[in-house]
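A.B. asks: Using the sequences and the hints, build the whole thing.
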Amino acid sequence: MTTLTERTETKPAVTRPGALAATGHPLVRPPAAAHLSDEQVAELGRELDAVRDEVLAKRGATDAAYIRRVIKVQRGLEIGGRAALLVGRNKAAWVAGTAMLSVAKILENMEIGHNVLHGQWDWMRDPDIHSTTWEWDFVTPARSWQHTHNDLHHRWTNVVGKDRDVGYNLLRMDADQPWTPFNLGNPLYNAILAPVFEWGIALYDLEIPEYKEGLKSKEDMNRDLKAVGVKAVKQFTKDYAATPAVAMLTGSGKQALYGTLAANAIRNVWAHAVIFCGHFPEGTDTFTEEMVEGETRGDWYVRQMIGSANISGSKFMHLMTGNLSHQVEHHCFPDLPSNRYAEVAVKVKEICNRYGLPYTTGPLPKQVASTWAKVFKLALPDTGRFSLKKKAETAGAS
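In the working numbering, the protein residues as written are 310 to 707.
Check the hints yourself; a few may be wrong.
Said to hold, decoys possible - Taking lysine-lysine and the DSSO-like style, the derived pairs with C-alpha atoms no more than 27 Å apart in a straight line are: (1) 527 / 543; (2) 563 / 540; (3) 686 / 471; (4) 624 / 367; (5) 656 / 624; (6) 543 / 471; (7) 367 / 656; (8) 381 / 624; (9) 540 / 381.
Said to hold, decoys possible - Distance windows between CB atoms, simulated: (10) 535 / 441: 33 to 41 Å; (11) 563 / 432: 41 to 49 Å; (12) 685 / 557: 43 to 51 Å.
Hint data in this document are derived by calculation from the structure and do not stem from the laboratory.
Backbone N, C-alpha and C fix where the C-beta goes; we use that ideal spot for every residue, glycine too.
C.D. replies: Structure follows, in structure tokens:
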């Protein structure tokens with residue numbers, strides 16, 4: 310594993326299984342996959358590799374045209390939204406401007422920024438649409454996010470104690486996380502986090518617990534603090550100073566400020582909802598460190614599939630989620646173009662069914678409700694809940 314002091318600002322994001330062995334087995338398989346033999350897991354891995362290779366063979370001009378079209382639409386919406394807010398004293402202009410800017414920010418973060426920063430479009434060799442050059446409309450700097458998300462979360466997906474995305478150092482989101490009285494505030498913390506999600510992620514990406522534990526150097530912390538400070542000033546200036554200042558020429562400065570505040574809050578609430586639906590709804594699994602010790606490529610795929618959840622819906626909904634509505638497929642193939650996930654999903658679901666693995670999916674309201682139910686449930690002390698460790702011990706003994 311790459312140490313925190315080894316990373317650089319231009320390090321590409323590698324999220325594939327990489328050098329994991331093709332054969333073998335972990336110390337313990339997750340309960341949902343305990344029925345699979347080593348040979349079956351290896352064959353599953355080969356089948357999913359073949360699915361990925363098939364997409365890579367077809368990837369080309371159509372895909373490039375897609376992302377360029379989305380970027381063009383997003384920039385048009387942002388320009389139109391900010392222009393409308395310049396005359397925001399007119400209520401219709403304010404509503405239209407806020408709506409356009411909200412959609413623009415959602416598209417930039419979800420379908421464009423998140424996926425560009427995963428390297429999904431690096432194959433185009435376009436320096437303007439590349440994981441090493443893109444800087445998104447989000448407070449946390451792109452390079453810091455690539456480290457905590459691509460390098461760590463995608464490697465250790467849902468491994469309690471390794472993947473800090475399980476609760477983001479704030480929430481208790483798994484029964485195997487020790488309960489403290491602080492966790493009684495789970496619902497309140499989550500409600501506060503949603504509208505300021507980008508600031509929460511910026512704080513999370515600083516890796517303060519790692520710094521306190523001596524896993525992150527003072528030099529790295531100072532560099533990251535400087536980077537997030539510079540980025541925060543840029544974001545604040547763009548949204549809360551420049552646009553309102555120009556709008557003051559039409560007497561709409563206050564309205565423009567409220568519009569940009571609302572657009573950021575709407576984007577944050579949407580991103581929070583979509584991202585939390587990716588790994589926390591009922592049906593998703595978490596894992597112990599023993600379950601990844603000796604993990605093979607096939608086991609890595611299994612963990613990504615049973616630790617993730619999809620959202621069913623329309624093509625427009627998939628677009629607005631950045632195709633993270635196909636979270637299962639994204640975690641199996643984080644570097645494939647997002648517009649290909651829908652076709653891949655059919656094959657991944659069939660493989661899951663054939664190997665007797667759960668494929669968790671559901672409409673957005675159901676997944677959001679399921680996630681919030683977990684937030685409330687885990688705010689309380691354990692009352693004899695059957696923890697992941699106990700399930701693993703039971704599965705291993707059977």
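A.B. asks: All hints, please: hold or fail.
C.D. replies: A quick look at each hint next to the structure:
no.: 1; hint: 527 / 543; verdict: holds, 24 Å
no.: 2; hint: 563 / 540; verdict: holds, 24 Å
no.: 3; hint: 686 / 471; verdict: holds, 22 Å
no.: 4; hint: 624 / 367; verdict: holds, 21 Å
no.: 5; hint: 656 / 624; verdict: holds, 18 Å
no.: 6; hint: 543 / 471; verdict: violated, 32 Å
no.: 7; hint: 367 / 656; verdict: holds, 16 Å
no.: 8; hint: 381 / 624; verdict: holds, 18 Å
no.: 9; hint: 540 / 381; verdict: holds, 24 Å
no.: 10; hint: 535 / 441: 33 to 41 Å; verdict: violated, 20 Å
no.: 11; hint: 563 / 432: 41 to 49 Å; verdict: holds, 46 Å
no.: 12; hint: 685 / 557: 43 to 51 Å; verdict: holds, 44 Å
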